[in-house]
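Peer 1: Keeping their order, the protein sequence lines are chains A and B. Numbering of the first sequence is given in full-length UniProt numbering, commencing with residue 1 and proceeding in unit increments. Numbering of the second sequence is given in full-length UniProt numbering, commencing with residue 1 and proceeding in unit increments.
Errors might be hidden in some of the hints.
Copies of the same chain are indistinguishable here, so a pair counts whether it falls within one copy or spans any two.
Each computed EDC-like pair below joins lysine to aspartate or glutamate, with the alpha-carbon atoms no more than 20 Å apart [claimed, not checked]:
(1) Lys475 / Glu556
(2) Lys178 / Glu676
(3) Lys164 / Glu221
(4) Lys2 / Glu295
Think of the hints as simulated: they come from the structure by calculation, not from any bench.
There are 2 protein chains.
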Amino acid sequence: MKQYLTNDPWCVVEDGFHREHNEVTESLMSLGNGRLGGRGNFEEKFTGKTLPGNYVAGVYYPDKTRVGWWKNGYPDYFAKVLNAANWIGIDVDIEYESLDLNTCEVSGFRRVLNMQEGYLERQFVATLKSGKQLKVSSKRFCSIVDDEAGAIRYSITPLNFDAKITITPYIDGAIRNKDANYDETFWDEVRKETAYGEAYIELRTRKTGFHVVTGMCVDVEQNGAKFDYQSQPIKYEKYVANRISLDCRQGQETVIYKYAVNLSSLNYDPDELIKEAHQYMQRITRKGFDKMLFEQQQAWADKWKMNDITIDGDIAAQQGIRFNIFQLNQTYTGEDERLNIGPKGFTGEKYGGSTYWDTEAYCLPFYLSTADQKVARNLLIYRYKQLEKAIENAQKLGFRAGAALYPMVTMNGEECHNEWEITFEEIHRNGAIAYAIYDYVRYTGDETYLVDYGLEVLVAISRFWSQRVNWSEAKQQYVMLGVTGPNEYENNVNNNWYTNYIAAWTLRYTMQAVDTVKRLNPEAYAELADRIHFREEKEIAKAKHIVENMHYPFDETRQVFLQQSDFLDKEIMPVSDIPKGQRPLNQNWSWDRILRSCFIKQADVLQGLYFFEDEFDTETLKRNFDFYEPMTVHESSLSPCVHSIQASKLGMKEKAYEMYLRTARLDLDDYNNDTEDGCHITSMAGTWLAVVKGFGGMRVANDQLQLAPYCPDGWTSFAFKIRFRGALLQVTTTQEQVTVENFSTSSTTIQVRGKAVTVAANSKQTVVVKKATA
Amino acid sequence: MKQYLTNDPWCVVEDGFHREHNEVTESLMSLGNGRLGGRGNFEEKFTGKTLPGNYVAGVYYPDKTRVGWWKNGYPDYFAKVLNAANWIGIDVDIEYESLDLNTCEVSGFRRVLNMQEGYLERQFVATLKSGKQLKVSSKRFCSIVDDEAGAIRYSITPLNFDAKITITPYIDGAIRNKDANYDETFWDEVRKETAYGEAYIELRTRKTGFHVVTGMCVDVEQNGAKFDYQSQPIKYEKYVANRISLDCRQGQETVIYKYAVNLSSLNYDPDELIKEAHQYMQRITRKGFDKMLFEQQQAWADKWKMNDITIDGDIAAQQGIRFNIFQLNQTYTGEDERLNIGPKGFTGEKYGGSTYWDTEAYCLPFYLSTADQKVARNLLIYRYKQLEKAIENAQKLGFRAGAALYPMVTMNGEECHNEWEITFEEIHRNGAIAYAIYDYVRYTGDETYLVDYGLEVLVAISRFWSQRVNWSEAKQQYVMLGVTGPNEYENNVNNNWYTNYIAAWTLRYTMQAVDTVKRLNPEAYAELADRIHFREEKEIAKAKHIVENMHYPFDETRQVFLQQSDFLDKEIMPVSDIPKGQRPLNQNWSWDRILRSCFIKQADVLQGLYFFEDEFDTETLKRNFDFYEPMTVHESSLSPCVHSIQASKLGMKEKAYEMYLRTARLDLDDYNNDTEDGCHITSMAGTWLAVVKGFGGMRVANDQLQLAPYCPDGWTSFAFKIRFRGALLQVTTTQEQVTVENFSTSSTTIQVRGKAVTVAANSKQTVVVKKATA
């Protein structure tokens, strides 16, 4: 836990240079626009602690896997997000000295991520060993308007000297991933070119053959006017630069504008890339820095209009929730259905892969409520497009007849992960992908999605479940052996309740979806059934038999669902009994000890009761919450949010707030001491869920929005915005009342605490006027 | 399965050069003397398929581990057997051509491992590209008399030319392990020296700092007389040689004698190593090749006198059993209690580590019956000396108060293995180490071992079991959660019957051993109890409670023990139902599919019924055998032998012989297609067990040897020798009768098929004269 940053409602602020935490700050101050992004590194050379990182969405490298003992069925590679060409670099040399904040004296340092307007700025005064002082300020952004471009304004003012200052803006492609499994280089150079004030480099990824052109164009301003500088082009292996020598006078500001473009063969013909990059560059330089920044500010203002959450009375909480929303918006914009939400977004390279079940289970609801419907739809279509690979993946594991198992981690539909207990056994992910379809249709009412894409995926996943269970002669029921549930502190267990439940649920929902598609479009149904060889009668009969005879481990005494068979053979004890100093367990206990303990990494039974809450009464939730929550160590960043939502539902306000706090500032306070590797992007959606679904009690049922908000004790009020079927609503909750404002042009009816409330177009209604006592 | 070798009762014979199988042949023709050894590589250069391998017992390298995802508690390294300096090399150049069997024409090739006399010989005629023909023959051995030395006789005869032939005997230490995890070099050079016809090199292992001096001395004979040659010393990095140019005439034989020594800092002061090597060299060269070979032959004759098994009527079976006995004797001699039985012996470098539970469960009985008592005792003392590390290992995993968990794989007592499901969970190995103490005491009657060493180990292991079980409120019994049994095709299961049983048995045997030690030496007991803080009353009360309340999964319907809890939730089917082409499962099925199937890699419940046969009646064995054997795929080389023994006991002669065949020629016929990596040394003991304990029905009970032999149908007769408490007996079994010959100087009484038979000193008794109908 670190608290060296200044709380601010709209910014992440580092006042004074915290050299020792620089990598954490770099993660937090990352910039991205869904297409490219990078860490909050310095532009000028820095020899201190830093993790340089620039990333291009969708461009990856199949890094040869590293396993101790190979198991049959393992994938050959783990797709790594590539650390790509550094386009932010600007070296500054003052006569014989380099500007390097690690070796000079730094004062007046301030680094600010402005989340409201989407840029990173920095200022400082450096005193070199020679005694020369210079003032530097920089401003940088990745444009969300021109989303293959970034721009930097870098300003230098000598404070106590006149001198020739050499400025070297560069593009450096001689980059390695820090976590490469075998220290390999992932990029080859294809070509490079330099021209007056411009430079381009084209790199190609090894094995995958992606081409990326990164280019820069440099303008210089002195005395407030454009300066027609001389530059010397420099080319090294995978490196291009322009060296510019400038006479700088004491007190005079020199400004370097560095425009960068970053185009990849995902979007262009590789043969045209350089040409396209030139044109792109022309377009943005014609706009110029100020206009680009203005457009950036406008675009971010538009985003915030749609999805801001305000919290009054708690600036740390306010900053926390905005930080999470900001990073989610930087990571994924939904513009491109080939992309997904990487676990670190553009903030780091760790883990690799771009898609985990986090997308469906945690992120989808965020985008459903805060962005255009097509954003969530694109997330679903991403999986649809990978269905063939999921079927191949299942075939590799011995399944047949169109059964699909989606990968645990993937970049292109192929499995990347290499731990048998996860790769082969954490199969509940397949259920989350089915559930996401249900969630989308429920929220949007867009049943045609089932016709166009959804049913095909559902049938393939259902086929997997039908084959994955087996009939137990001993139990005279269907069982599912050898799985790992969401709680990864259990491996290779039998009858994980959550997995059994979501499997049977998928079968049920698939049958329902069959009926829907038949009703909406019988021809499309017939075409699909024929194409995927869906033997309706036989497959549905089997599915029904499984649904009716699935085994669900249950404790009659406590009347709780058992996380898995034989769970009660464990020594049951609360987390509070763990001796001091032994947490987090995963850093203190051996794996076997964790496995045979009763302690739970993250919501498992409770995750199921969250997904399928309509099928259980509150008493059931209460009993299970009371049983499992005390055993849960929340060593997954995805755990506290579900607990917070459930606690809110149960009226356990303190517990709900405690759990909320563990997620909201996870990265800002570096709670798990690992933010230096990058931020926990996907779990940020969980924070949003804890506010909107937890404190806000937001649900959708019977095509209607439902709310049951209450204001946590320490807050004066909070307000969130959500989109629902064309309407944009703001829900403001104080300790005394709830106000719903409708920004749309037609009236809308919602349920607030069980009562229908109609809010007219462009007006608001205060619907609860007594103190919430949920 | 390969059958390119010629069957021979005493030799492994390759007639004609089988280039494509060369690495298999190299494994099979490995030489060793317990102290050093190596693969059957060629002396001269060979550019074809070859795995060069020379090894020094006890010298290892802690190779940085390679794991996909690190788990807390994993060891940092995997100890690798080091591929050490090559001392056999002799390059031969005829004017401008090198002798290389990969590039010249080869005729009359024959390579023979003579197991009776312990040497490897080879002869061939090579026709070079120039048309020059030369006849070569070589003979090589690792001396079991001078066990830090080897010697080579290498003879060259030009058949159709006169020429200057350059001979370069060398020592090459620029060697890498093929399976190094990160392609690192493990050796550094310390020094080297050359002299007339001599050369020495001293290498030091990185990290572990073992010093090894390898030296050579060369004599040349021409026209049958010693030839005073000129030599040119050559030194490269980690390489020393003497280049000798010789005028060779057509039809005249030139013989090179290369003597090699190999001394390690395990046995000498590193500062004295070179000096000691010189002295050792003087000693063996003074003896000369012929005398050394004569002594080798005598020494091997002595060994065979003690432990030969003869099989009449089946030459392949005869060769198979002798090959296994030969390799076991080459691998471990019991001279040095710091050494153990590596899984590949001196035949390959794969797997690494020197000690697995194979030693106790499979190898110990072989050495108990075929070697001096001190050999088996040294195997036990090896573990005793590593007790402290085993206690540390248990501490790392969270156990306390002197509990010991012996490692799964080790070189020096520290754990090497890095798969959580094995490293942390395959804990039955601890029981096998306790069982070995019992087995040794039962066989030898040496109860003082318990006083001196045994009890201390037993208490430590028992402490582990007492802490590893937990009380299940649900079952009102002790359970053991999250283990892997001997059947590694199940991971992280609850209540593996074998593990629960051996745990409770260890507790029982420890209590008994406490009584024994108290009876034999109360002072020693008091001293021990004090030293290890043994709180007798409390610890024994706990042990008793566990023994009385241990949970053993059992199927009431079938009246069989269940391999683990919930085993019957699986789909039960025989191996014969596995579709064709899908075996071995581990090469065709994904790991999860294997895990959730009912198929068993190796004896598990049946292993328990083998160890603890006195505690179960034959009907119980029969029911369990009939249940489990059809589900067993025997994909461990340790599986068929136990099944063979059990089948013999049940009178299932065909099954017993079928299982015996799968083990006896495993390597000779390259049954699993992996002999090229080295031979399966430890499972060779299983073959011996299948003969002696299976067909021979040998047991020890109540301080008496028991026999129940029968002759397999295809054999005329078989005979084995065993030592028992000072006596050396030979048991010869034909289809009609059993003859026991007593080579000792006192009479001995044994049980044959339940009847006491006394055999006088130096005489024999034919004790069964009807056809065996077991």
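Peer 1: Each hint needs a verdict: does it hold in this structure or not?
Peer 2: Verification of the hints:
1. Lys475 / Glu556: both (16 Å within a copy, 14 Å between copies)
2. Lys178 / Glu676: Result: close within a single copy only, 13 Å intra versus 37 Å inter.
3. Lys164 / Glu221: So Lys164 and Glu221 pass the 20 Å test inside one copy only (15 Å; across, 81 Å).
4. Lys2 / Glu295: neither (34 Å within a copy, 74 Å between copies)
Hint 4 from the earlier list is the only one contradicted by this structure; the remaining hints agree with it.
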